[in-house]
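Undergrad: In the order they appear, the protein sequences are chains E and W.
Residue 26 in my numbering sits at position 26 of the first sequence, and the numbers go up by one each step.
Convert by adding 1000 to the 1-based position in the second sequence; the result is the number in my numbering.
Among the clues, some could well be false.
[Stated by the list, open to error] Just the calculated beta-carbon pair ranges, DEER-fashion: (1) S62/E x L1018/W: 22 to 32 Å; (2) S1070/W x K18/E: 47 to 57 Å; (3) R30/E x I1060/W: 23 to 33 Å; (4) K18/E x Q1042/W: 24 to 34 Å; (5) R110/E x K1102/W: 17 to 27 Å; (6) T16/E x G1099/W: 16 to 26 Å.
Simulated from the structure, these hints should not be mistaken for lab results.
Positions of the beta carbon are idealized from the N, C-alpha and C atoms, including for glycine.
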Amino acid sequence: DTEVTQTPKHLVMGMTNKKSLKCEQHMGHRAMYWYKQKAKKPPELMFVYSYEKLSINESVPSRFSPECPNSSLLNLHLHALQPEDSALYLCASSHPAGAGYEQYFGPGTRLTVT
Amino acid sequence: AQSVTQLGSHVSVSEGALVLLRCNYSSSVPPYLFWYVQYPNQGLQLLLKYTTGATLVKGINGFEAEFKKSETSFHLTKPSAHMSDAAEYFCAVTPLGGGYQKVTFGTGTKLQVIP
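Let's have the full structure, built from the sequences with the hints guiding it.
TA: Written as structure tokens, this is what we have:
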């Protein structure tokens, strides 16, 4: 199984809502990532988890809160988002978080903040 | 600091023609190099990567890329374009080193295949 799954596929939320994005992989990867991708742009790294511990936070606003309950699951909790947070949110995983390891991406969650 | 430049934000080719997507990197030490493809409304998929060894790398779907240190390039090619190749292509680099090394993506090249 070389698949990273993400739910939901689409999400529309108001600025006062609380929602969560979910990501799952069963490849035994020990590094997981959240990226944000705006239209016609490359992905921008948000967070890196390595062995279930947060190792990188790219100065992401606190309205985004990541969580890694176990080695297969990664969540992104959303609260009080702004319209400019509307984007495609991609989850990825890799064998250790090392330089030569390619990342496997999920299909993404298309988020619209109204 | 490393960077990657993709020449041409849009490339159009006829079906059956050669595909050439350009990628140049800037790094004092040759990095690890990747090409990813993104189909509409999907995530990124690895096409191929160069870490060490043979400089001509073969990937999926008939794509290949050649690492040229003297030119700091890692161009992606495919001999004959197919309609299904229409997508966004990202070149990416990571520096050598242990532990997590941040991936730097190029700005992307949108490939259009004309029937």
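Undergrad: Of all the hints numbered above, which does this structure not satisfy? Sort the numbers upward.
TA: 1, 6
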